[in-house]
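2 protein chains.
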Amino acid sequence: MKFTCEKQILSNALTIVSRAIPVKTTMSILQCVLVEANAEGIRFTANDMELGIETVVEGQVEEPGIVAIEEKIFHEIVRKLPEGEIRLTVDPSLKVTIQSGRSKFNLIGRSTEEFTYLPTVERIDSIRMTQLSLKNVISQTIFSTKNDETNKMMGGELIQIDQDTFKMVSLDGHRISIRRLHLASSYAPRKVVVPAKTLDDISRILPDSAENQVSLTFTGKHMVFDFDRTTVISRLLEGEFYAIDQMLSSDFETKMTINRHEFLDCLDRTTLLVKENDKKPVILNITDEQMSLKIRSTIGSFDEEIEVEKQGKDLMIGFNPRFLLDAMRAIEDETVDFYFVNPKAPCFIKDTEDKYIYLILPVNFTVVD
Amino acid sequence: MKFTCEKQILSNALTIVSRAIPVKTTMSILQCVLVEANAEGIRFTANDMELGIETVVEGQVEEPGIVAIEEKIFHEIVRKLPEGEIRLTVDPSLKVTIQSGRSKFNLIGRSTEEFTYLPTVERIDSIRMTQLSLKNVISQTIFSTKNDETNKMMGGELIQIDQDTFKMVSLDGHRISIRRLHLASSYAPRKVVVPAKTLDDISRILPDSAENQVSLTFTGKHMVFDFDRTTVISRLLEGEFYAIDQMLSSDFETKMTINRHEFLDCLDRTTLLVKENDKKPVILNITDEQMSLKIRSTIGSFDEEIEVEKQGKDLMIGFNPRFLLDAMRAIEDETVDFYFVNPKAPCFIKDTEDKYIYLILPVNFTVVD
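Protein chains in written order, with numbering that gives the first Met the number 0: chain B, 0 to 368; chain Y, 0 to 368.
One chain only, chain B, in its complex shape:
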């Protein structure tokens, strides 16, 4: 195999596929990237069996071929080489030579026999959205997933398609995050649960483009994300996701409208006094035109007042401040509406257009001065 490729292109391709290289593994082949050069270009593939990524880049291929190379050191070498062309050659004994100018690295490649290729998936009835939309919707829901051996579904997110609506849902036992997107076309109904790890990886390699598309294909066992010249294939979680519809209600006794930035900054200060394992709640006291916020912890105390608009009853209610903080960070709107029933019932944070619903369970608290 012989090809030349721009350093920056090679480095970007390795950054993309490296998300499917496990940090620790006893199977050393999983730490390798498959490099394949042919008329189509140069293809890089990594596959940790849960998640597979491949990406194709342009280069001058002089001699087609295929080899597996340990990704980490290959990537480090590429990064440290000067800007410009990099020349990669592999001889029949699998000696890999990486050259740039008068710099020459030699590594020992691996045979590709042990490497597990990505499954072949037919792209039928794929749904499409912009890369930025998918990136956003992931970051706006992923924080309420949870790795939990006895509740495996909490480690994934529900993706549900119904006509032209794309919905993502995550929950961790204390809160639920729901986001809805409007799609440009209508699609057959679909419902899958995708591991949170995959979604995190996707959102990190997905460009911020509000113009370029990503296409999502569903099979019984896998979900495929195609964008630019990259393909990501993820295993799905097997089983039924939680029935969340019965937890949602639109009754309320108190409605509060608040400036999101002001509340966010205030919550950010609140969490200073909550160290790990210290489950002190923040207590909100909502009255006409004003919400006071208190926290008393072993470290000290914090008080702040924020102007709000209130409808309905006055209310005193306690929350884990981090859960409120996550929700405020996930919303872009300038003002946010909170709906409460009583200090024991879940609070809903939602907009009027049904773009988002964040449900948060309150916590018990004792009234402090």
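One thing to keep in mind: the hints can contain errors.
Since the list gives no way to pick out one identical chain from another, each pair is judged satisfied if it fits inside one copy or across any two copies.
In the PhoX-like style, the derived pairs of lysine-lysine whose C-alpha atoms are separated by at most 25 Å in a straight line are [stated by the list, open to error]:
1. K134 with K349
2. K274 with K94
3. K190 with K354
No lab work stands behind these hints: they were computed from the structure.
For this one, chain B is given, so just place chain Y on it according to the hints.
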């Protein structure tokens, strides 16, 4: 005590004194910053017994007083408060209230009885240089210090003043770094060994100013650094520093002149193949007009050629590539001169004006193809 102070000023003051707050300690008073408000301003002091720092800032002092506050949480609170004025009050029960706008934090302060104040030092015959000069000379020598229980002097740097010459020296058993600065005035001769930890802390809090001065005062046990409204007092290491003059020689058989940036980039690539505990040397083969550089490790191999100017004999010599890398990073000159005697003798990297000397011991190597 009652005062108000700008958030940014308060935050900077805490960043400065925090270098004298130990990360771990069984004496909780050491984790506190002493806050003292009086007609002079607001003084912050931290002292971990090895290193003491105090800094004074402007503020509106309404009621003088003094209190010790746990530095970490105090600092976090100040950072998270909005820009603008912060009001600090301490009541007779040592309840500390930190307020900004409608945000109010309460912490419990500590009595200052247990706090160890900084020693009083008379500023006699202090030497002066710009803040930038001191910052640079530290970063250009500190990398060859070493924490070593049996060779305690390696954990410090020699500071020697002789007339108008300021010299700093460090060594770790494999290399010596020497830097000389020209001072604006002449001073009485002095020779002290300052802990590397202090020098590292100083260089981090010292501004980059090429105009403002820092003054250095020496006592039998301490060294004092005064700059702007900050004072840093460090304990000195007791004992004699190594006699390095006898290790320096100006004989050479081979002199090589090289482009520093080119060599630096090349060494940077070389170290990719040297993982920790793998002591593979880089082998330099210096011939007329060219140096070839080779490394063979368990990971792979690397070769590069660089144009050089050579006087004297051809030479093949091996080094720990990291030592060469550190020296190349510490020098600012565009081209650098290397002086060699033979493959067993130390190599000298030095300039013609005696600003710097870096001595590096070579390592044994076996000739490879």
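Cross-check of the supplied hints:
Proximity of K134 to K349 under the C-alpha cut-off of 25 Å is restricted to the intra-copy arrangement: shortest distance 20 Å within a copy versus 54 Å between copies. With identical chains, the CA atoms of K274 and K94 are at most 25 Å apart between copies only, with a shortest distance of 20 Å across copies and 52 Å within one. Taking the closest pair of Cα atoms, K190 and K354 come within 25 Å of each other only inside a single copy of the chain (19 Å); across copies the shortest separation is 71 Å, beyond that limit.
Of the hints listed earlier, there is not a single one the structure fails to meet.
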